[in-house]
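Asker: Please work from the sequences and hints to get the whole structure.
Spelled out, the chains give:
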Amino acid sequence: MLENKSGVFFIGGIFFFGLAFVSQAVVPILMYRDQPEKTAEQLVNPNVRYQLEDLAKRFPEPFKAAFGEIPPNATPEKADGTREAWLNQTAADALRIGRKAYTGEACWHCHSQFVRPVSNEDRRWGPVAKAEEYQNELQRPVLFGTRRVGPDLSREGGRRSNDWHAVHLFQPNSLIAGSPMPAYPWYFDGDPSKPNKKGLSLILYLQWLGSWLESYPYYEDYKPSPLKDPVANVTTSIDSTAGAAK
Amino acid sequence: MQTQPTQAAPMPRHSELVDERLVRWYLISAAGYLMVAMLAGLLMGLQLIRHNPFGGIELLSPGRWRMVHTNGVAYGWLASAFLGMLHWVVPRLTLRPVLSRQLSYFIFFAWQVVVLGTVVGILMGEAQGLEWGETPVWIDPLALAGLALVAINFGAPIRHMHGPMYVTLWYFTAALIWTFLTYAMGNFLPQYFVSGTSAGAVGGLFIHDLVGLFVTPLGWGMMYYFVPIMLKKPIWSHGLSLVGFWGLAFFYPLTGIHHFLYTPIPMFLQYGAVLSTIAVEMVVTTVIVNFFATIRGSTRALAENIPIRWFYTGMVFYFLTCLQCAFQTTLTFQALIHFSDWVVGHAHMVMYGVFSQWLIGVTIYLLPRIWRTDWYSRRLLEWQYWTSLVGIAVMSADLIILGVFQGLMWASLAPWSDTINFSIPWWALRVVSGLLLLVSHSIFMLHIVLTWMKAVAERKAAGSAAPTEAQPA
Numbered sequence: 000m001l002e003n004k005s006g007v008f009f010i011g012g013i014f015f016f017g018l019a020f021v022s023q024a025v026v027p028i029l030m031y032r033d034q035p036e037k038t039a040e041q042l043v044n045p046n047v048r049y050q051l052e053d054l055a056k057r058f059p060e061p062f063k064a065a066f067g068e069i070p071p072n073a074t075p076e077k078a079d080g081t082r083e084a085w086l087n088q089t090a091a092d093a094l095r096i097g098r099k100a101y102t103g104e105a106c107w108h109c110h111s112q113f114v115r116p117v118s119n120e121d122r123r124w125g126p127v128a129k130a131e132e133y134q135n136e137l138q139r140p141v142l143f144g145t146r147r148v149g150p151d152l153s154r155e156g157g158r159r160s161n162d163w164h165a166v167h168l169f170q171p172n173s174l175i176a177g178s179p180m181p182a183y184p185w186y187f188d189g190d191p192s193k194p195n196k197k198g199l200s201l202i203l204y205l206q207w208l209g210s211w212l213e214s215y216p217y218y219e220d221y222k223p224s225p226l227k228d229p230v231a232n233v234t235t236s237i238d239s240t241a242g243a244a245k
Numbered sequence: 000m001q002t003q004p005t006q007a008a009p010m011p012r013h014s015e016l017v018d019e020r021l022v023r024w025y026l027i028s029a030a031g032y033l034m035v036a037m038l039a040g041l042l043m044g045l046q047l048i049r050h051n052p053f054g055g056i057e058l059l060s061p062g063r064w065r066m067v068h069t070n071g072v073a074y075g076w077l078a079s080a081f082l083g084m085l086h087w088v089v090p091r092l093t094l095r096p097v098l099s100r101q102l103s104y105f106i107f108f109a110w111q112v113v114v115l116g117t118v119v120g121i122l123m124g125e126a127q128g129l130e131w132g133e134t135p136v137w138i139d140p141l142a143l144a145g146l147a148l149v150a151i152n153f154g155a156p157i158r159h160m161h162g163p164m165y166v167t168l169w170y171f172t173a174a175l176i177w178t179f180l181t182y183a184m185g186n187f188l189p190q191y192f193v194s195g196t197s198a199g200a201v202g203g204l205f206i207h208d209l210v211g212l213f214v215t216p217l218g219w220g221m222m223y224y225f226v227p228i229m230l231k232k233p234i235w236s237h238g239l240s241l242v243g244f245w246g247l248a249f250f251y252p253l254t255g256i257h258h259f260l261y262t263p264i265p266m267f268l269q270y271g272a273v274l275s276t277i278a279v280e281m282v283v284t285t286v287i288v289n290f291f292a293t294i295r296g297s298t299r300a301l302a303e304n305i306p307i308r309w310f311y312t313g314m315v316f317y318f319l320t321c322l323q324c325a326f327q328t329t330l331t332f333q334a335l336i337h338f339s340d341w342v343v344g345h346a347h348m349v350m351y352g353v354f355s356q357w358l359i360g361v362t363i364y365l366l367p368r369i370w371r372t373d374w375y376s377r378r379l380l381e382w383q384y385w386t387s388l389v390g391i392a393v394m395s396a397d398l399i400i401l402g403v404f405q406g407l408m409w410a411s412l413a414p415w416s417d418t419i420n421f422s423i424p425w426w427a428l429r430v431v432s433g434l435l436l437l438v439s440h441s442i443f444m445l446h447i448v449l450t451w452m453k454a455v456a457e458r459k460a461a462g463s464a465a466p467t468e469a470q471p472a
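Line by line, the protein sequences give chains A and B. Following numbering that gives the first Met the number 0, the numbering of the first sequence begins with 0 at its first residue and continues without gaps. Following numbering that gives the first Met the number 0, the numbering of the second sequence begins with 0 at its first residue and continues without gaps.
I should point out that these hints are in silico values taken from the structure, not numbers from a laboratory. None of these values were measured; they are calculated from a predicted model. The C-beta atom is built at its ideal place from N, Cα and C for all residues, glycine as well. Everything hinted at is true.
Coverage of chain A stretches by chain B, computed from C-beta distances (three or more under 8 Å per stretch; other residues unrestricted):
#1 18-31
#2 108-117
List of simulated lysine-lysine pairs, DSS-like, C-alpha gap at most 27 Å:
#3 4/A / 231/B
#4 56/A / 196/A
#5 196/A / 99/A
#6 99/A / 37/A
#7 232/B / 4/A
#8 129/A / 99/A
Answerer: This is the structure:
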């Protein structure tokens, strides 16, 4: 049994693998079954919305080129929900595009996304990571990361301005002297003031990280976003509206 | 071949069993992929010391090439070299050819498509967010189908075996099914079915199973085959071989979560993974003892026989990495060294110091036998060996020591830029050691070309008598 083909194949190959799969993968999957996966639409919170509108204000032309015109309210006094829905859906779509850029550039191989309860990490980065923070579409597959060349980014949102992120992605060592981070000029049309669609989305993704926390963000003069939680307003897809705007 | 007693049926001839051309193609393409992967690593190394000559070029982005580096090593270099080795070893051990020659060639070309597709996809920014599985999602099904065909192709001769098999075939049989299952689990489950913390558990399992259930069993199966042949004596203890295989089969798959200690993954699972990891190291010790007891009395081979020297060098590194692993997997060590360059040093010591050096040794053993000649120059083989050894020893030591300092600086809440500035000289030394590895491999590539030319010249000189028989032990 220990030396013939069926013993090796069935006991070693299948059974032991299965045993490990059950104990190492199925058990945690069952344990977190009660935390359903959130979609990108459900992740758009007031802080993310604030950052999206801030991007639209700071980079009006690039924003328009990337996502189209923000629809106006029906009348200046009365909101009919179109504008809200458009902004929310744009934010959700941008988060997806941003995550794709983030994995495509291997950002997560130098920037982890979890804070451990040891090594003073909660004092450097913020609250220790919790399971429910990762039960969403943008963590599929999860981006914990295994290496920290640059800072952890799971509490990065809101710490720095959108301008800062644009300049930093365009040329990191213009802001951080001696930074070993590569430059990403292909997310811009030749100039940090002109991020393209992927660039805007990547910045929004970075601003989303940690935006769900009560302690968000970590600078003192932060005032809570005046927007209400807009999740319920998401209805239409950005693709139709963006196409129409062009 | 002494693995099976001569039976009533005549022993099949080597030329009926082994498709040497395919072995050669695999080994040489593998060496080419290793070259590409090394250059990719060099680019990332230069970026870290802020001397990247190609800054700001999208297709030469160091982050993307970093993924080409790891995937190129796993799927280009290691997988191709292992496939070449399997085409030699499996038919000779089972005394039966693989299922189908056409299928073998189809797999060869399909695998080149998988590797090149992976490289192109990653360079286009299509990488999947799964460490060591960044192959774009549209490559994954093809790669999985390829692995299934590999298992079928090599499974056929094994399926006809009766009674006890030699140790090598235990490892290979298990590896064929494990690789398929691991790839399917790791690439599809966290991509399409589970997210978040559970996906992290699966991802950890995938990273580790790729090392433990694909590379490790193929590597050790290879050692159990080539070492006794070259030393011309059997493995010291069959009992220890059994302990080694079954210990690995049971404990290795249980260790995956040790890559994500202190994450939100439930703590009792983390403890389980830590304990299994320590158990694996005990098993590893038995295997190492077995092999060093085997070479006892034949240690001159270390000086004279170049492949044996590569093999035993790899085994020393294997023991070191596993010893290191038993410590670094504990929560105490993890608190300090996780996220640091310690882990990178460890990974290089395993993937280059052990498995790449073993496969280089196998290539050095096989290529001249296929070409019916000797290596062009013994001196080049020595240069290749020593540059490689110094390179990997310096690189591992440099990164592992640096990792400790990084961990201490992080815990002390030193400003982040201080930790970077501290690391730069160490990263510079890493680039130098990486260049040594590159020199070693360049010597090898050059040597392969020279030896091939020599073989062609010799064949011409020998006239039209095509080499057909002449089998090495």
